[in-house]
Amino acid sequence: MSAYNFAYLDEQTKRMIRRSILKAVAIPGYQVPFGSREMPLSYGWGTGGVQVTAGVIGPDDVLKVIDQGADDTTNAVSIRRFFARMTGVKTTTRTEDATLIQTRHRIPETPLRAGQIVVFQVPIPEPLRWLEPREAETRKMHALEEYGVMHVRLYEDITQHGRVATAYDYPVRVNGRYIMRPSPIPKFDNPKLDRSPALLLFGAGREKRIYAVPPWTPVKSLDFEDHPFTIEKWDQPCGVCGSRDSFLDEVIVDDKGGRLLVCSDTDYCERRREDQR
Amino acid sequence: MIPRPLLSVRGLTKRYGQRVGCLDIGFDLWPGEVLGVVGESGSGKTTLLHCLSGRLEPNSGSVSFSQRDGSVVDLLQVPEAARRRLARTDWALVHQNPRDGLRMGVSAGGNVGERLMGVGARHYGQIRGQALDWLEQVEIPQDRVDDLPVEFSGGMQQRLQIARCLVTRPRLVFMDEPTGGLDASVQARLLDLLRSLVADLHLSAIVVTHDLAVARLLAHRLLVMKDGEVVESGLTDQVLDDPQHPYSQLLVSSVLQP
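In order, the protein sequences belong to chains B and P. Using numbering that gives the first Met the number 0, the final residue of the first sequence is 276, and nothing's skipped along the way. Using numbering that gives the first Met the number 0, the final residue of the second sequence is 257, and nothing's skipped along the way.
Quick caveat, the hints were computed from the structure, so don't treat them as lab data. Don't take each hint at face value.
[To be verified] What the simulated footprint calls covered on chain B by chain P, stretch by stretch (three residues with Cβ under 8 Å from a Cβ of chain P suffice, anywhere in the stretch; the number is not a length):
{"#": "1", "stretch": "2 to 15"}
{"#": "2", "stretch": "155 to 166"}
[Stated by the list, open to error] Sample of chain P residues lacking proximity to chain B, with all beta carbon distances greater than 12 Å (derived):
{"#": "3", "residue": "Ala130"}
{"#": "4", "residue": "Gly179"}
{"#": "5", "residue": "Asp199"}
{"#": "6", "residue": "His201"}
A quick note: this is a predicted structure, and the numbers were derived from the prediction, not measured. Glycine included, each C-beta is placed from N, C-alpha and C at the ideal position.
Here chain B stands alone, though its shape is the one from the complex (with noise of 0.2 Å):
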């Protein structure tokens, strides 16, 4: 491989990379742009997530990479394997090992810690684009704070369902100031977001835009005085580890409409049912 970079990308583009997310994580939810570069996955596959692991990946790091919270679906084998080619460095499934964590869809069950940093996809970075098509016209409402638009969005859900029915990709306020799409994790993991001892990055390659949370960062999700914020939750817990507290996803198991519910987080329910062993 040594006809490849370290990382992949040529140390120009890194530098260029972290100069961004240095920029990101000063202005916590701020959307830098960069200059994003063709990968070679597709967009839409994660290009955003994988400039910002090459940027900052070194040959010490241990990588983890989940989408959908599982750690063995094409897309997190497939960039797990790129950048063990292209930089050598160990792998791991286990949350609590993994020095860098890219993911896609979901913040992993096993608490983050301190000196962490976890990568998330994100396709559209603009929370606003939703009531607001212009480009020059979102960027102006984030600089005077011109935020009640947002609300509008969580009003229509409540006229319509009786209740805020966004679900994933809830859009939160980064530390009392900057609106910020958190990509489309469930809002279930809204709540890791506050005050998260790991850093966070985003990276939205199509979009060439990059934005941070830094550790400890307050981090609120958008709601009205009298329909408080809530994450989902099940009447049944895990089928196959028994957790009561992780993020269910339903599967289909037979041709006869026999369905589970167990954790989207592979690597915390394997691990919860070997400590039961």
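Model the placement of chain P on the given structure of chain B, informed by the hints.
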């Protein structure tokens, strides 16, 4: 205490390259007063309105606005942030086409509530209560509160837009052809509503229209514009019944009598 004008405009000029949008406009608008701006298409009425409401940047002139706390600001000098805050709290703009002023994909209640949420309301029940209140004031049945504006008739859309504008109790309302595109009976009802709202809420308003009947019903004073300049101004009855400038005479005599 000597009352101060709410809005005081001096030497307002907007050029589009070599062409003139409006030239050296000056007037005072007093609290509770409705000022009509009439003239033919292309006379600079809408340019003037957009310059005043901050949607266009004039080339020169000054627009002094006296704020709620009594201080006077020049709208062309204050930072954009302050201007946009005033636009959310103290002004409202009623567009000719309700589609420009409403969010067509958001329910009627959400449309009315948006300005409340924009100034910091965070209690769903209270926002909805105020929305229902305002729907009633503009004569929209309260059971339509969750319907989308696309399902409303043109007249209802226009009334919804007015409710959306007035919910934060602005002191100055800009109206751009508020009755354009509506049929005669709906127009009459809307004018009636506007007249009573303006009187009840002690609003000041600037109404741009090419329809002299609208101007006569709503406005206390008129500015007649031609080619970007004010050619005549005065009390509405005076201007319409005894026009002095040849262009005003032409405008008044062009009205069809049914």
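Verification of the hints:
1. Only when three residues or more bring their CB closer than 8 Å to a CB of chain P does the claim for the stretch 2 to 15 of chain B stand; here the count is 0, and the claim is violated.
2. Check on the stretch 155 to 166 of chain B: 4 of its residues sit with their Cβ under 8 Å from a Cβ of chain P, so the three-residue criterion for coverage holds.
3. Chain B draws P:Ala130 into its interface by the beta-carbon criterion, the shortest separation being 9 Å against a cut-off of 12 Å.
4. The beta carbon of P:Gly179 is kept farther than 12 Å from every beta carbon of chain B, the shortest such distance being approximately 25 Å.
5. The claim that P:Asp199 is not at the interface with chain B holds, since no C-beta of that chain comes within 12 Å of its own (minimum 26 Å).
6. Consistency note on P:His201: stated as away from chain B, and its beta-carbon is indeed over 12 Å from all of that chain's, at 26 Å minimum.
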